[in-house]
Structures are given as structure tokens and as C-alpha cells.
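Asker: For reference, the chains in residue letters:
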Amino acid sequence: MIGETVLEVRDLHTHFFLRRGVVKAVDGVSFSLRRGEVLGLVGESGCGKSLTALSLMRLLPKGGARTIKGEVLLDGENILERTPAEMREIRGRRISMVLQDPQTSLNPVFSIGDQLREAIERRQRGTRAEVMKEAVAALRRVEIAAPEQRIGQYPHQMSGGMKQRVVGAIAISGEPAVLIADEPTTALDVTIQLQYLKLLKRLQAETGMAILFITHDFGVVGRMCDRVAVMYAGRIVECGPVRQIFEAPQHPYTRALIASVPKMSGPIGRLTTIEGQPPSLMDLPVGCRFASRCALVEQRCLDAYPGTVRVGEEHTADCWKVVPR
Amino acid sequence: MAVIDPPPSAAPSVLRPRRLLWRLLWPARNGAGARRAARVPWIPIGIMSAIVVMALFAPLLAPYSPIDQTLRDKLLPPAWMMGGSDKYLLGTDAFGRDILSRLIYGARVSLLVALLALTAGGGIGLAVGIVAGYLGGAVDSLLMRLVDAAFTFPAILFALLLAVTMGQGLGTLVIAITLLLWASFARVIRGEVLSLRQRDFVALARVRGCSAPRIMLTHILPNVLNTFMVLVTLNIGVVIIAEATLSFLGAGIPPPTPTWGLMISEGRGRIADAWWVALIPGIAITLMVLSVNLFGDWLRDRLDPRLRQL
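Top line first, the protein sequences correspond to chains P and B. Just so you know, the first sequence maps onto residues 8 to 332 in this note's numbering. Just so you know, the second sequence maps onto residues 107 to 416 in this note's numbering.
By construction, these hints were calculated from the structure, which means they are not laboratory data. Note that this is a predicted model, so its numbers are computed, not measured. A virtual CB, placed ideally from N, CA and C, is assigned to each residue, including glycine. Hints are not guaranteed to be accurate.
Per the computed footprint, the stretches of chain P lying under chain B, defined by three or more beta-carbons under 8 Å from a beta-carbon of chain B, are [said to hold, decoys possible]: (1) 101-110; (2) 249-257.
Just the calculated beta-carbon pair ranges, DEER-fashion [stated by the list, open to error]: (3) B/G242 / P/D310: 52 to 60 Å; (4) P/G28 / B/A244: 19 to 27 Å; (5) B/A244 / P/K208: 22 to 30 Å; (6) B/S247 / P/I75: 38 to 46 Å; (7) P/G167 / B/L355: 19 to 27 Å; (8) P/R130 / B/L323: 43 to 51 Å; (9) P/G273 / B/L323: 36 to 44 Å; (10) P/E155 / B/L323: 43 to 51 Å; (11) P/P248 / B/Q304: 50 to 58 Å; (12) P/E96 / B/V336: 37 to 45 Å; (13) P/N85 / B/A255: 26 to 34 Å; (14) B/L323 / P/G226: 22 to 30 Å.
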């Protein structure tokens, strides 16, 4: 199932250059993604998950955001060096994305058929009837009931879950090698979430695409992902197979995160929380970024950043206290 | 299988007696539509069509020449009034010209000016608003400073200046009104685009690899058309009144060519004894503006997919 590496990110730095200073929102992120794999990118709000995704698409928000360093290798080719016109060819066909809010993800003045058509016509030319047939097939693939009727409807006539499936159909219509899913289920209610995740899994099995799944929900991570990357204050602090992360988290931040997820079994006590605030991204400490909130903090944690330590098969953590293997 | 949602069906309409009179005045297209969007505004459409037909076929419809003076018959009241003559249905003005004929010919000028100025001014404003709002940054700053500059410029002074340098005429009038209009269009459209740009469907269009011009044309433009239509209808009145003002000041169409605004201006001084000279073109302007506004309202509802049932 899981094949060769399709996306490799090396030492990515995306900063916001503001009048007040430089916000180091993504500050040295590296990871890789293989064919047929789901990599979860987890972390709290503002840790740089979404900006990492936007950097990969090279769709940075307006207002001073720039990728200043790093490589994004898509099938071995550094897409950060491509021209904007070449980038437009890459987007949608080789790397695509779904966003959080299905309510605003579709253009309200066009029928969903028209919106699918726009995406399909980029991939293949054809008569209107052919393209429409393709669009119906695309809807059927994302399990929309009665696609022939739905195709002429407008976004407001559909439920949130259906809209998100249509967004998914549009995103994968270019048959991308990599799909970035930026909290696609956050705006959906729980039963629909599960349905959507199953659908994503099935589509992945059919197409073999790699998914970068951004979320802050560990429950979703356990269900979806093969590997997890935990992000904190602009860096990935721990990365490894999902079982190892859940069963033997190495970085104190990961441990604290997992401890703060409510458990279904065992005695019910107060939930653990992580005291304090993440450091300001404008004024990052020289040492470990989690040091100010870490229970195990030592002098060396404050003096220097620990560097990435291999702690197991495909399992790394950025911490002084972990035992290398 | 996925969740099966039944296709949305129209709610049964309840026809209250209070609505009957309204329904008579404002007939529904299929007799069942209590919904506003379905109700075609036949009366405004009728008035607008009548005015357009008047303008198009003025030489065939007008009983007299609009400029020939018959001083013997000056200031005759409309035919149904005491002292009115059957020859002049809507009476005559201070030069003995038939008001009905002047009204019919006047529709030509008013509509032509409105059409040209709204096309030019609205079009420029729409383009500037979309480009400034979507691209943002330096382009936005530059274009919006231009808009600010256009607002500070006294439009009437500018029109007089144009009239002096270019001479009176339709061209001068249209250019002057265009310069008056475009900035307000640009400002409102830009505001719309700023909020549209933040919506995810624009981001996803970029994710799909759409270019900036394509997004502006196929994703932003259709979403601001409703606003644009409303602006156009609101500004038809502004244009007609601007045309009247400028004609009155001598910067518009030179007399004796009739325009509705000019007719009001000419009748202004005699409003006490010969009210019809000013009032009749005034009623024409009111009917026209009201009809266009009601029609625009309906059109907006029709164009809004949220209000459209399939």
C-alpha cells in the first residue's frame, strides 16, 4: 500500500514580515510523505499547521508572509523554484487541498455541476455532455445520492456534509498525488465526520494518493493516520508511526497532549491541561520552545535547541531528555 | 449508501385576503406564487417598455415636432382641464410647444444618456473595484486614491469645464456623468470583493490552479453582479437628475432639444401658474426611476440562487 516518497519537505521556513517584527510561524519544518500514506499534522491553534500547508501550495496569505528557506520536493522536484505559471499547472493536478469550512468552500452563484466542470475541464477537454457525465461520476465517487439531480443544484441546497464531499470531489478531480486536508471535518458534526473520514480512506485506497491530514483532534488522528507529526511553535517536535506516538510518546509536549484527551475507559478524573502559553512566535527562546511549560525542564533545555533525535524505527523527537536509539 | 436528503420542495403558499389587492395590482406569474421572487413585476416592466418604445419610435408617436413653437397656443393646460385644448393632450409650454411631443422625444435623450453613462461609469467602476479588491496591495492603494480624488472633484465644476473646452453635447454630458459615477461603483464593488476574497471558494479556485484573471472573471464577477445591478438601478435616478442639472446649467444637451431635466428646469419659474410644464416631466422621471427600481429589486431576487427554487 505505502510506496515511495512523493513529497519531501526540508527545513521549511515561512515567516511573516510585519512592521512590529518577524513572526516565525513555520520555522524549520521537515517531513516526508509517501504514496498511499496519511500523515497527520497535529498541534494547537497557531502552531503553524495551516501555514505549513499553504507554504506547500505556495498560496501564502497576503500581508508579508514569505517562505525564506527550505525545499518542497514533489516527486523530487523543488516546487518552491517553479514560476507562478508552472505552479498553477502543479496545483490541482499534482497537489490539491480541502479546507475546513464547507459553507464557504463552494461558489454560491454556480451550480455544483458547473463548479465540478471547471475542475474537470482543466484535466480533459470534451463536449459538455462528456464533462457532465464525468461530473456525475465524480459525485457518485464521493457517495452523493442521486447525483444526476444534485448536479444542477446550488450549494445552499445541500447539507454541510454533502458540500464537503463535493469539495472533496473537486479537489481530487485532477487526480493529485498529494491531498492536503486542512481540518476537513472540524465544521461537520460527529456522525458526518466519521462518514467523511471513511470516504477519504476509501478514495485514498482507490487512487493511492498521499494525504497530509491537518487536525487538532487526536481521535481523528488515531482513525485516519499512518504516521503523526506533532507541531509546536513552528517546528515538528515529534514524528512517528501512529501506534508508537500513542503508546510511547517521547516528547513531553506529545505526552501532555495525549494526556489531555479524555479517555473512554478507566476512572473519571479531571482532565490534564498544559499550563502556560506557547512562546511568542516573534520572540522565540534560543533553547527548546516547550521549555517554559515543560515539567522536566533543565538548564540545557534553556541554553540550546535539542535537535532531532532518533528514538525508534521512523520515530524522532526534538528533546534533550529522550534516549537515542 | 450515503445520507439521502429529499430534494427541497416549495413550502405550500398561504394566500391571505390582505394580499388579494396587492395580487391584483401585482399579478403573479403562475397564480401560486406568494413568494416575491416568482412575482414578475408586470406594471414596472410595462411602464419601462412604454418609455423605451416611446424613445425608439419618437418620430412616429409624437403628434407634433418637439421644437416648433406655436406662440399663439402658449401655456395651454392639459386637455382635461378648463381652458385645455384637444390638440394638446398634455398642454403646452411657454413657447407653445406640445409637452407630449417633448416628453416623447425627451425620453430618447434621458435613456441614451443613462445607458451610455451607466455602461461607461458602471463598467469602469466594476472593473476597478474588482481589480483593486482582488489584487490588493499597491494596486489597491493606487486605485483607491484615484477614487478618493474623483470624490473630491466637484462634478458640476468639472462638467462645466468640459463643456467650455469640448463644447456642449451628448459626448460631454456622458463623459461628465461617467466621471461622477465610476468612483462610487468602484468603492462599493471593492468592498464586496474584499469580503468575497476571504471566502474559501476563492482559495480553492487558486488551489485548483486558476489564474488571477480567471478567478476575477469567473468567481468574483458573478458574485458581485447582484450588487452591481442594485447600484445600476439606484443610479439611473442619479443619472437622470445629473443630466437635468447639467442641461439646466448649460453644460448638457443644448436647447431646444428636449430632455426631461431641461423641461423641468424650463417649467420651474412658472410652477405657480403653469404647473404642468414642470410636473409632467417630473412624473415621467418618477415613474421611470420607480419602475426601474422595482424591476431591479425583482431581478436581484431572481439572480440570487438562495431565493431561487428549481
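Asker: With reference to the structure, classify each hint as holding or not holding.
Answerer: Quick rundown of the hints versus the structure:
Residue count for the region 101-110 of chain P with a Cβ under 8 Å from a Cβ of chain B: 6. That meets the three needed, and the coverage hint holds. As drawn, the region 249-257 of chain P meets chain B at 0 residues by the rule of a beta-carbon pair under 8 Å; below three, the given contact is violated. A C-beta distance of roughly 43 Å is found between B/G242 and P/D310, which places it outside the suggested range of 52 to 60 Å. Separated by about 22 Å at the C-beta atoms, P/G28 and B/A244 satisfy the suggested range of 19 to 27 Å.
Remark: the range hint 22 to 30 Å for B/A244 to P/K208 is contradicted by a beta-carbon distance near 45 Å. In this structure the hint that B/S247 and P/I75 lie 38 to 46 Å apart at CB is violated, the actual value being about 25 Å. Checked against the given bound of 19 to 27 Å, the beta carbons of P/G167 and B/L355, roughly 58 Å apart, lie outside it. Range check, P/R130 to B/L323: Cβ separation about 20 Å, and the 43 to 51 Å hint is violated.
Remark: the range hint 36 to 44 Å for P/G273 to B/L323 is contradicted by a beta-carbon distance near 58 Å. Taken as a hint, the range 43 to 51 Å is violated for the pair P/E155 and B/L323, whose Cβ atoms sit roughly 29 Å apart. At roughly 38 Å, the beta-carbon separation of P/P248 and B/Q304 lies outside the given 50 to 58 Å, and the hint is violated. Between P/E96 and B/V336 the beta carbons are some 39 Å apart, a value that agrees with the proposed interval 37 to 45 Å.
Taking 26 to 34 Å as the suggested C-beta distance range, the pair P/N85 and B/A255 does not conform, at roughly 45 Å. At about 42 Å, the CB distance of B/L323 to P/G226 disagrees with the hint of 22 to 30 Å.
The structure fails hints 2, 3, 5, 6, 7, 8, 9, 10, 11, 13, 14 (numbered hints given earlier, in ascending order).
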